[in-house]
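> Single-letter residue listing:
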Amino acid sequence: MSNATAVPRAALPPDTPVITGWSAVSPYGVGRAAFAAGVRAGAKTAVKADAGLGTLPSPEVCTVPGFDIQELLGKRGTAKMDRLTALALVASDGLLRDADGAPAVATDDRTGVVLGITMGSLENVTDFLRQSYTNERPFYVDAGRIPFGSLNHAAGACAIRHGLKGPNTTVAGGRASGLLALNYARRLLAQGRATKYVAGSAEEFSAAHAWYEATAAPPGDPAPLLGEGCGLFLVEPAGRAERPPLAAVLAIETRVDIDDDPFAAVGACARRALERAGVGADEVWAAVPCAAPSAAGRAEHEALAALVPAAALGRVPSMELLGDTSAASASFQIAAVLSVAAAEPDSRGRTALVTAVDRDGAVAAAVLRLLGEDA
Amino acid sequence: MTTAAPERLTRIREIIAENIDVDPERLSDTALFIDELGADSLKLIDVLSALEMEYSIVIDMNELPNMVNVEATYRVAAAAAGW
Numbered sequence: 001m002s003n004a005t006a007v008p009r010a011a012l013p014p015d016t017p018v019i020t021g022w023s024a025v026s027p028y029g030v031g032r033a034a035f036a037a038g039v040r041a042g043a044k045t046a047v048k049a050d051a052g053l054g055t056l057p058s059p060e061v062c063t064v065p066g067f068d069i070q071e072l073l074g075k076r077g078t079a080k081m082d083r084l085t086a087l088a089l090v091a092s093d094g095l096l097r098d099a100d101g102a103p104a105v106a107t108d109d110r111t112g113v114v115l116g117i118t119m120g121s122l123e124n125v126t127d128f129l130r131q132s133y134t135n136e137r138p139f140y141v142d143a144g145r146i147p148f149g150s151l152n153h154a155a156g157a158c159a160i161r162h163g164l165k166g167p168n169t170t171v172a173g174g175r176a177s178g179l180l181a182l183n184y185a186r187r188l189l190a191q192g193r194a195t196k197y198v199a200g201s202a203e204e205f206s207a208a209h210a211w212y213e214a215t216a217a218p219p220g221d222p223a224p225l226l227g228e229g230c231g232l233f234l235v236e237p238a239g240r241a242e243r244p245p246l247a248a249v250l251a252i253e254t255r256v257d258i259d260d261d262p263f264a265a266v267g268a269c270a271r272r273a274l275e276r277a278g279v280g281a282d283e284v285w286a287a288v289p290c291a292a293p294s295a296a297g298r299a300e301h302e303a304l305a306a307l308v309p310a311a312a313l314g315r316v317p318s319m320e321l322l323g324d325t326s327a328a329s330a331s332f333q334i335a336a337v338l339s340v341a342a343a344e345p346d347s348r349g350r351t352a353l354v355t356a357v358d359r360d361g362a363v364a365a366a367v368l369r370l371l372g373e374d375a
Numbered sequence: 001m002t003t004a005a006p007e008r009l010t011r012i013r014e015i016i017a018e019n020i021d022v023d024p025e026r027l028s029d030t031a032l033f034i035d036e037l038g039a040d041s042l043k044l045i046d047v048l049s050a051l052e053m054e055y056s057i058v059i060d061m062n063e064l065p066n067m068v069n070v071e072a073t074y075r076v077a078a079a080a081a082g083w
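Going line by line, the protein sequences match chains A and B.
Mapping to full-length UniProt numbering: the first sequence position 367 is 367, numbers consecutive.
Mapping to full-length UniProt numbering: the second sequence position 20 is 20, numbers consecutive.
Isolated chain A, as found in the complex:
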């Protein structure tokens, strides 16, 4: 790890939010190293679905390899844990603990957590409802699963696991949720409501999720190849950051595509974010769309291609390699650009543009300044 050529922190206004750490549990494996290596290699992650998942609309999946909840988190309290919570907990361990499980990041009573999701653990909720409909009586349900069915459970579990007593928030914003979470952290840090933030987003793969997405796809379209995982970032104000910043969050812009014109909405959102960051579109070093397998996802790519230099769009391998990771995608996009930048010293001081678009019209764009070293 070398900080020799990193941009001096003093150059940043002290209240600029900076990313000083990240972790990922992804189809490339558990941990940041596996993610960075997979992204840099542009490796595919699709595998034949495990037979244990039952009948699925698509034979292939991009699941986290070897993700055994009890093996990774121990037996206590995990017997009925949903996969989404487990993905978030394992990612939070990667962010906040060292290889021996000891705390690696100083936290205090005002360290916040904000996690982006789509609908929580669909598998847990649908299983529970199915029990109520199909069992002998409607109240013959597995009561132990109820806490895991609440939308904010994963964020709460992360805070409890690491003793984080700052604001705890769940943002249900689909593909945009990773950027919405980062924006939420940025705002609360700026308001002095938290000293640092664990911010990111997560999505679980399950049969319920796969059937939901297949049903929601336009008639005639094949079932989407789905991924899963969780990406988390440590976000602090530059002036108080305890670790060297990897990237500064210069601007985050969100809007709703009310005209059903994702090309125009993404273009306008990205231009506005760049404007607020004080960066020209021609200065963008890397642009990373969410690559959703939909008309909106294709329009997003075209909108960025019309805006930034061609080289910028090819800098980071397509997120398609991870499958459609839905709520986790924007966090993976940021992690991917950090992974690529870490291996390219030329990236330091350059700008990255990360965008997201969801089928309900949510659009978001973030502008990051790439700053420093990485593992």
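Please note that a few of the clues may not be correct.
Calculated cross-link-like contacts (lysine-lysine; reagent style DSSO-like; alpha-carbon spacing at most 30 Å) [what the hints assert, rightly or not]:
1. A:K80 to A:K48
2. A:K165 to A:K75
3. A:K48 to B:K43
4. B:K43 to A:K80
5. B:K43 to A:K165
6. A:K80 to A:K165
7. A:K48 to A:K75
Okay, the calculated beta carbon distance ranges per label pair [stated by the list, open to error]:
8. B:L32 to A:R40: 53 to 61 Å
9. A:V256 to B:E7: 54 to 62 Å
10. B:E14 to A:A343: 46 to 54 Å
11. B:L32 to A:T134: 31 to 39 Å
12. A:D98 to B:G38: 21 to 29 Å
13. A:A104 to B:P65: 51 to 59 Å
Keep in mind the hints are simulated off the structure, nothing from the lab.
For glycine and all other residues, C-beta sits at the position ideal for the given N, C-alpha and C.
Following the hints, position chain B against chain A.
Leaving out everything else, chain B in the frame of chain A:
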């Protein structure tokens, strides 16, 4: 109390162990769920609902404070089931 049927008692112990998160081997007939094994009232509701499902019975929620250990929980289930 009527003598507990061994297979039912074994099964009830398994259900309790799973729901209050302890090893079945640690779960004696008399160890107190809350005071000795670290369970809480929420977990006891999980036990109650799991027993209801397992034996297709209905257990009055007012029995919850009586379900202090395996032996007592068996008695509550037996009364509800008419064993």
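> Would you mind marking each hint as holding or not holding in the structure?
Each hint, compared with the structure:
1. A:K80 to A:K48: With a Cα-Cα distance of about 26 Å, the restraint between K80 of chain A and K48 of chain A holds, given a limit of 30 Å.
2. A:K165 to A:K75: 25 Å, holds
3. A:K48 to B:K43: Violated. K48 of chain A to K43 of chain B sits at ~37 Å, over the 30 Å cutoff.
4. B:K43 to A:K80: It holds: about 12 Å lies between the C-alpha atoms, which stays within 30 Å.
5. B:K43 to A:K165: The hint holds at about 24 Å.
6. A:K80 to A:K165: 25 Å, holds
7. A:K48 to A:K75: With a Cα-Cα distance of about 28 Å, the restraint between K48 of chain A and K75 of chain A holds, given a limit of 30 Å.
8. B:L32 to A:R40: 53 to 61 Å: Holds, at about 55 Å.
9. A:V256 to B:E7: 54 to 62 Å: At 60 Å between Cβs, range holds.
10. B:E14 to A:A343: 46 to 54 Å: 52 Å Cβ-Cβ, so the 46 to 54 Å window holds.
11. B:L32 to A:T134: 31 to 39 Å: Distance hint for L32 of chain B, T134 of chain A holds at roughly 36 Å.
12. A:D98 to B:G38: 21 to 29 Å: Given range 21 to 29 Å: holds, Cβ gap about 28 Å.
13. A:A104 to B:P65: 51 to 59 Å: 44 Å, violated
Checked against the numbered hints listed earlier, the structure breaks hints 3 and 13; every other hint is satisfied.
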